[in-house]
Structure formats: C-alpha cells, structure tokens
Amino acid sequence: MFKELNPLLHSELRLAVMSVLIGVESADFVFLRQQTGATAGNLSVQLDKLAKAGYIDIEKSFRGRMPCTVCRITDAGRDAFEEYVEALQTYIKR
Amino acid sequence: MEERKLDAQESLELITRMIRNTRQRLERHSGRPFLIWGYTTVAVSLLNYSLNIAGADPAWSLSWFLIPVLGILLMRLFPEKKSSEPRTEIDRIVSALWLVCSLSLIPIFSLCLFHGWNYRPSLFALITLVMSIGTAATGLIVRSKIYTAAGFLGMAGTAAIAIWDFYLKHLPAPQRIDCYMLNNEILIFAAIFVVMMVIPGHIINYRTRHEKQTPCSRN
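Order-wise, the sequence lines are chains A and B.
Quick note: the first sequence uses our numbering, first residue 3, plus one each step.
Quick note: the second sequence uses our numbering, first residue 773, plus one each step.
These aren't lab readings, by the way, just hints derived from the structure by calculation.
Ideal placement from N, C-alpha and C gives every residue a C-beta, glycine not left out.
Treat each hint with caution, since some may be false.
Unchecked claim - Pairs of lysine to aspartate or glutamate, EDC-like flavour, derived with a Cα cap of 20 Å:
| hint | chain 1 | residue 1 | chain 2 | residue 2 |
| --- | --- | --- | --- | --- |
| 1 | A | LYS5 | A | ASP81 |
| 2 | A | LYS5 | B | ASP779 |
| 3 | B | LYS917 | B | ASP937 |
| 4 | A | LYS54 | A | ASP77 |
| 5 | A | LYS5 | B | GLU957 |
| 6 | A | LYS5 | A | GLU88 |
| 7 | A | LYS5 | B | GLU785 |
| 8 | A | LYS62 | A | GLU27 |
| 9 | A | LYS51 | A | GLU61 |
As the list claims (entries may be wrong) - Calculated Cβ distances over 10 Å to all of chain A for the following chain B residues:
| hint | residue |
| --- | --- |
| 10 | ALA780 |
| 11 | SER783 |
| 12 | LEU786 |
| 13 | ILE787 |
| 14 | LEU846 |
| 15 | TRP870 |
| 16 | LEU954 |
Extracted from the complex, chain B is given alone in its bound form (with noise of 0.2 Å):
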C-alpha cells in the first residue's frame, strides 16, 4: 500500500474493507479460560463429593474456595499466547461481563462460609445461574452459537438445580434429606460445568486450531 491519493469510491472501498476485516475476530481464542474455569470446578466438585463420601462434614467445607484460587493460579499459568491481534471493543465488552459476573460471586462464596449454621445448597444454582448468564451473553455478543446454547443448557441446568432443591426442603419430615441427596446436587452442578463450560471450550479451541490451519478458508 503507497501513499497515494484516492477518488471518493476507492475511499470509501478501503475504509469498508478495513473495517470489515478487523471485525473477524469473534469467538476465536475465547476457549482457554472457558476450559481453566469449567475443569477447576468439575474438579472442585468431585473432590467434594468424595469428601462427602468418605464421611466429611459438608456445612463446613472450605473446599470450594479452591475454586477461585486454583482458577486464578492456572490463569496465571496458562496466560493467552501473545499475539499480534488487536483489542477490539468486543473483548473490552466481554472481559467487563466477565468481570461483573464474578464480582457478583464473590458475596455467594462469601455465604458459603455461613453454611454450618443453615446448610442451603441453593448456593449451587445462584452461581450456575451467573456462569450460565455471563456463558449465555458471551455467545450473544460474539455471535457464538457454541456459548448461547451452552448458556442457556446452563440455565435449565439451573431450574434443576432450584427444582431438587425445592423438593428437598419439601420433603415430609420422616425423609429428611441425607447426604446421598445433597451429594446428587454437587454431580447435578458438575454436569453443568462440563456442558457449559468444558465441551465447548474444546469445541472453539478445535475450531481456532482448524481455522489457523487453513487460513484462507475466511476468505
């Protein structure tokens, strides 16, 4: 490209095509914290859930703060490749969702710490159901059918989880709920995460490898 003059038309021809060609990037590279967060909880949970079965008390379990240390760790960890792609206004829209989504975890993990006094697994789905409207909104705005699916699976995962646990507290007083129920509810919210979170992000992850393999299919 020379430092040439343009006619009006040429002009208007390169300011669309420069525009058009920044606007590219959508969904790519969003698979790795999707993968970080969705595999730390899955892993988090099934440790609480062995814990459980091997007879820990769970009202006072402290485990679950592992989620938000191990995350950050391997975020660290695992940084994104640095590369020469732009920061559009689309990844500022998204990094300030995901930053109210888990500003907003933090006084449900804070209630957490409360559990030995009134144990209310309904905790679960509060956070199920911000990681699946942070998920839902992320796939919206990058026009990712992958995440608006998986958000919206994540919030009927939701329903379920406020179902059982409706059931639960409604239980006539002879069954009072065991732990074999409540222990139901950390798989039921596990099961979440890997829909959610952990199959697509394999999913974009498989794509971005793909599309950097065959450059010219954007074209």
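The shape of chain A in the complex, shown without the other chains (with noise of 0.2 Å):
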C-alpha cells in the first residue's frame, strides 16, 4: 500500500531546502540558494510557503550593512521530513 506524499515536500525545490536544513543546525539565504541553485525570487516564494506551514523558522536581520536571512527546521518540520521519506520507501519498495 502506497502512503501519501505530503504535497508541500514532493516538489523539488522545497524538498531540496528541507534535505538541506535537516543536517544542519541554520543555514542562510545565500547558501540555500548555493546549494539548490534556485533563483532568488523562488527560493524566497517556496521558504515563505515552508515557513507558513511551520515547516522551518525565519529569521531576518542584517549582517553589517547587508540584509541575512537565516532558516531552521522546526520540530514539526523535522517530522514531516521523516514521514515524508517513510512514504517514500513504501513506494521504492515495491
């Protein structure tokens, strides 16, 4: 039997963040950014729909002159990430 995917995880630049943001205790914009290479203004559309699901917290200060947004994934976050692959190994299981 096939578990249901979360539908906010099963795309591919907000399950890039979160696979990110799971083996690390914060990370900034400029590095999600790295790493997914996403553009700026989509990165910052999937984080906010992250954030309004409570999946990761954001935090916005400024670093010197220059504006640092840092994430972190939530408990609730940290929760869905693992659910989120227990469905998928009912699927590469089979």
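With the hints as a guide, dock the two chains, each given alone in a separate frame, to form the complex.
Encoded structure:
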C-alpha cells in the first residue's frame, strides 16, 4: 500500500531546502541558493510556503549593512520530513 | 531548480545529494582559533621563561594569566570571516567540547594563584592534558588526521612533562630543584603547544586557502 506523499514536500525546490536544513543547525539564504541553484525570487516564495506550514523558522536580520535571512528546520518540519521519507520507502520497496 | 513534481527515485536522489553537499564542511576554517591560542600560549611561556632567567620569582608569577586575557582579546580582534556556510551539528559539538575544555581550565589556572605556597609545576601537565584531549577529540569529530595526530602527540608531551615532574620531585636532597630545571619545563610546555596547535593550525589554513582556489577539486 502506497502512503500519500506530503504535497508540500513533494516539490523539487522545497524538498531540496528541507534536505539541506535537516543536516544543519541553520543556513542562510545565500547558502540555500548556492546549494539548490534556485533564483532568489523562487527560493523566497518556497521558503515562505514552508514557513507558513510551520516546517521552518525564518529569522531576518542584518549582517553589517547587508540583510541576512537565516532559516532553521522546526520540530514539525523534522517530523514531516521523516514521514515523507517513510512514505517514499513504500514506493521504492515495490 | 523549479517547483516540479518528482518521482520517488528522484526524490531520494535529491535528498541524498543535498545532505551529502552540506556534510562537506568538516575541518575547513578551523585553523584560526588553534593559531591564536597556540601562539598566545607559546609567547606567554617564552615571556615567563625570560622573566625567570632574568631572576624574577616564578612562584608568584601572574603573567601566566595573560594567556586567557590575550587569547580572548585576539579572538575578538580577529573574528571568523562571515560566510554563508551553515552552522552544522558538527560545529555545535566542537564548540561544546571546547567550552567544556575551557571551563575545566579555570580551576587549573586558579591553582596557579597558590603556587607561592607550594610550587607545583605539574599544572603544566594538567593544562596540556586538557588541551590535547580537546585537540584529539576535535580531530576525531571533524575527521581530521592532522588534529587527531596533534592531539595524541600533545598527550605524549603531557606524559613527558609528568615524567620530568616526577623526576624533579624524587631528586635526592643534595640535588634540589634549581631554576634551570623548572625553566626546562616551560620550554617543553611551549614546544607541546607548537606541535599541538601552531603547526596543525597553519596546515589547516593552508589547505583551506588552497581548496578555495580550486573549488572544483572537491567534485
């Protein structure tokens, strides 16, 4: 029996962001952009979607005079990611 | 990267690739604190050695307290360059390890205040032991052969100081400990820090600079 995949995570860019954040304490916007290769606009939109779902926390501040956006995964995000990977396994095993 | 749907295999490959990319940061950029604390300790040791040679009483020397003062000052004066690299779980573990090591040095340094009553140079061995444990553990955590080897060399140096100390304490009465013998201990102490912190710090910094110039070499 296939488990349903979380539609919020089952998108290339959002899944990439969550995969990066699962392995670090926090990561800033520049790093996420480098790792995913996404455009700033698209990444910003997807980060907002993840934040609204409560999967990540976004902290906006300034580093010197440059704006700095730091993201970190929440407990809810970690749980959702684990469930997503478990659901994926049901597809791979068949 | 677009907002497109993936199949199960693609999803797993993406997760694996992203996690692997973020795990690349291990020993990079970790040379700076080793150089600052290594050079500070060596400089203050040589200062104390010179003072002792000049005839100052080593028993009440407060100049050793320059190590934490200068070290903290230099760490603030030369902060880590801000980069977009994330803070990983490994960074947190290494920070926690050095916090514990630093806190354990406080009572050891405090004991230096009582040197005047009963001069106990084995405090050198305690300090090098704490620092070598910190260095070796850092090496094992970040999978750096250089730091691991440096830490274990530091432990060997600690044993050398302890044996020297044991030798001094068991000298027969006519051969009382003289200033020359105690000063040798300071030189061993400084040499341990050169091997354990200064040299590995330079090697790691060199590697980091070299990697930055050839970013494709990691692929």
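Compare the structure with the hints numbered earlier in the document and write down the numbers of the violated ones, lowest to highest.
-> 3, 5, 10, 11, 12 and 13
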